[in-house]
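Sequence lines, in order, name chains A and B.
Position 119 (the first sequence) corresponds to 1252 in my numbering; numbering is contiguous.
Position 272 (the second sequence) corresponds to 292 in my numbering; numbering is contiguous.
Bear in mind the hints are in silico, worked out from the structure with no lab data behind them.
We put the CB at the ideal spot given by N, CA and C, even for glycine.
Possibly wrong hints are sitting among the right ones.
[As the list claims (entries may be wrong)] The list that follows gives simulated cross-link-like pairs (lysine-lysine, DSS-like), each with its CA atoms no further than 27 Å apart:
no., chain 1, residue 1, chain 2, residue 2
1, A, Lys1273, B, Lys48
2, B, Lys523, A, Lys1250
3, A, Lys1285, B, Lys517
[As the list claims (entries may be wrong)] Covered stretches of chain B (chain A as the covering partner; in silico rule of three or more C-beta atoms under 8 Å from a C-beta of chain A):
no., region
4, 344–350
5, 468–478
[To be verified] Residues on chain A that point at chain B, a partial pick, calculated with CB under 7 Å:
no., residue
6, Ile1185
7, Leu1193
8, Thr1198
9, Met1221
10, Met1247
11, Phe1249
12, Gly1281
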Amino acid sequence: MITMKMNGVEVKAEEGWTILETAKFYGLEIPTLCHHEGLTPYGACRLCLVEIGEGPRAKLVSSCTYPAEEGLVVHTDTKRVVQARRMMIELMLSVAPYSKTIQDLASKFGVTRMRFKIRNEECILCGLCVRMCEEQMDGKAIGFQNRGYQRKISTPFDLRSEECRLCGGCIYICPACQLRCQGPQAESALCNACLTMDPTCLDYYDELQCWMYDAGRCGTCVREKK
Amino acid sequence: MKRVKKFKNVEELRKTIDEQEASRQQEKKRVIVVSSGTCGQARGSLKVIEALKKAIREEGLKDQVMIRVTGCHGFCEAEPNIIIYPDRIFYQKLTPPDVRTIVKETLVEGRVVEKFLHRDPLTKERAWYENEIPFYQKQKRIVLGDNVFVDPTSLMEYLSIGGFRPFLKALTRMKPGEIIDTVKQSGLRGRGGAGFPTGIKWEATHRAPGDIKYIICNGDEGDPGAYMDRSVLEGNPFRVIEGMMIGALAIGAREGYIYVRDEYPLAVRHVTLALEQLYKAGLLGEKILGTDFSFDLHITKGAGAFVCGEETALIASIEGRVGEPRQRPPFPAQKGLWKKPTCINNVETWANIPLIILNGADWFSSIGTSGSKGTKIFSLVGKINNTGLVEVPMGITLREIIYDIGGGIPEGKAFKAVQTGGPSGGCLPASMLDQIIDYESLTAAGSIMGSGGMIVMDEKTCMVDVAMYFLNFLRDESCGKCISCREGTQRMWEIVKDITEGKGQPGDLELLEELALATKEASMCGLGQTAANPVLSTLRYFRDEFEAHIYDKRCPAGVCKSLIRYAVIPEKCTGCEACKRACPTGAIQGTRKDVHLILYDKCIKCGACLEACRFEAIEAQREEAIAIVREVKP
Ligand SMILES: Cc1cc2nc3c(=O)[nH]c(=O)nc-3n(C[C@H](O)[C@H](O)[C@H](O)COP(=O)(O)O)c2cc1C
Ligand code: SF4
Ligand code: SF4
Ligand code: SF4
Ligand code: SF4
Ligand code: SF4
Ligand code: FES
Ligand code: FES
């Protein structure tokens, strides 16, 4: 057993657990995006950042990849953490503004500005699809290509892959390709409707034919305004 | 190359070292050392060697003179150069015909040929001997110095300077714990960038549970402008390998890898040759010198990605996976190559080990400052008179490096900034010239020691442009995993690019700072964590320059093309037509002896005319200054 301190409380973790797993076990919420139970942790979205250590040596790490260590001091919600998280959301918005997941995250964390030029790539390169395909669908049909700003998801040589069985696993898990609700600000980079509308955009759902509402899936607005 | 025989035991090796050392001391021949590293070869050293051989043959001096082709001596500016021993006469910038003259004059007649001697760019004085050259005088070349004495392709030559004595000492007289203690006490810190204490890393790997352990030499060296590790591997590969063998003894590793980037063909060749000879000599492989110590060493060629220098990415790359960093911990010392404890050190770190073992921890720790011991090699490049590799004791000031060793800024221009630490480092202004060089002081100043790149910039350098250059490098070289690093560098680059194009807006600098902080804080590996340094340090020391670009739409250094326009100053123009000939687009009009004129619609702002004009009659003007002038005088 590993003993650590989380938000001031002593917690115990099993050997091999990450900080995220430990936090979950104790019911502490840490937002995640590129993490999925059943897939290898990757650490791409940097949303699950937490602050570890104390004093001048304190630093931020991604809790989904950082192992639980004896004596570690963890804070999940410091100002430093929230600030960095907000910037991550703003950066993700700038490349995938039509993702419901990311719009919802923006509302949830009070990200009310998007200061970058929109480059709609409908992908935040979280790697969930790649891991889903390889680890759960036994496919290895898709992968990352290039590095840096040229990085993208594709099949080998950008050709239709023989390996792909069209199982749809990659689409199912993708956080960027689920359409955002077609509320009053459907075209702007940042919706924030749940935050700013009163009454909430729920009241408009029927007229605006929110797809999420029809499918009975959304509920963000309800949750936010409750 | 002298033949290599197999050493069956410790005694045989010791005897051969004694013999080789003695025969070097008794050498009666004059020795001509030709520097022929990558840089020397690029400047024609191979032709010089040919000419030298021919001239010596023709003069019938074959029995009295020996040629030694060595790796790099570090004085790039003076390549190709030769040193004639025993006098140590130093001739520089030679061509094949020059060599002929030298052989006749110096070797036959015994006269020094003045015009090939080094001339100090500041005092204009000529130096006869190598040790009189200011470039070398303030250096302390404990690692690089031996490059002059050995043919890097010959094990016997390495033995003749006492090579492998440190290894013998470690093998026969020291326990692993003692070796580690010596390295710890020496205060040696990693030369790959972060400066982690080497002894502590060795100890951690030594103590990590498991029988199988690995050691790795990191020769990826991806920083733009840095080539220290290349020169060490090229010029003295045996020294690095000996360091690794001592490390293997201490750590308990029986296998190791040298990771060299494929763009370093000469380094790859010399390391490969060295490995071949060491296997033949029985110094690598099973039961080395009949003892229980077995050690296999391989070379791995990297494809030259900057991020592959990061230790976990490098390990992934050796394993044949994509070179992408992963979460640490677990550190390589716990779980490294093939998930086994692994000690990874930089080329220069390994090269220091034999010296520390031979001369002791006290000798090493007597050099340097309280927190940083020994020497550091820098590659001094950019706007500096003496470009080259300089090895200096820790604690020396930037001013000493730039002015005393580097000979100052060319063409009498003013110093503006020096960039240390490559893309992870920062730019330090003139007010920091008296800053001493050690790990802590450089970090406090907003830069880092890094692996040793040192780029000097003069007054004609635009710091916003410099920030953009490094961001462009980083957005390309980031592995792209973390959104903070991938998008962070991309967006910072976009903002800075806009600023250089005159599209900067109020609030840009604040956003830049916010983004820089987030990139630094949120990224997984050292690349992202330091990616903001070039921006943050230029903002810290040259904020006014950013502001001039944003608010006045002016590039003070006259570099950013969108913000300048080239114009002829009528009073100064003599009508010499030089600019007209230099212009690639035919944008300059004018006849001989008449004032010339630049046609703005044709000008592509290449700056060739400015370079060509000997009368300083062309200047880079501010875009809208011209606009105003035009308004006044339609
Ligand atoms: C982006 C990045 C690039 C690096 N490149 C190099 C390199 O080219 N050479 C090197 O020795 N270390 C490099 N490092 C540092 C290594 O990760 C590692 O710390 C080093 O090899 C350890 O050796 P040392 O303790 O002897 O310095 C790099 C680190 C990062 C984050
Ligand atoms: S396509 Fe979707 S799941 Fe795949 S990397 Fe992009 S955002 Fe992630
Ligand atoms: S649809 Fe194809 S690419 Fe997507 S997870 Fe399934 S096999 Fe992989
Ligand atoms: S910080 Fe940059 S280089 Fe390092 S793992 Fe993240 S994306 Fe890759
Ligand atoms: S080079 Fe200079 S001096 Fe000569 S014509 Fe051009 S502007 Fe005039
Ligand atoms: S800047 Fe280049 S293109 Fe313009 S006038 Fe001068 S030489 Fe010609
Ligand atoms: S959830 Fe941890 S980095 Fe994405
Ligand atoms: S002299 Fe060796 S690299 Fe230039």
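Each hint tested on the structure:
no., hint, result
1, A:Lys1273 with B:Lys48, "violated, 68 Å"
2, B:Lys523 with A:Lys1250, "holds, 13 Å"
3, A:Lys1285 with B:Lys517, "holds, 23 Å"
4, 344–350, "holds (count 4)"
5, 468–478, "violated (count 0)"
6, Ile1185, "violated, 11 Å"
7, Leu1193, "holds, 5 Å"
8, Thr1198, "holds, 4 Å"
9, Met1221, "holds, 6 Å"
10, Met1247, "violated, 11 Å"
11, Phe1249, "holds, 5 Å"
12, Gly1281, "holds, 5 Å"
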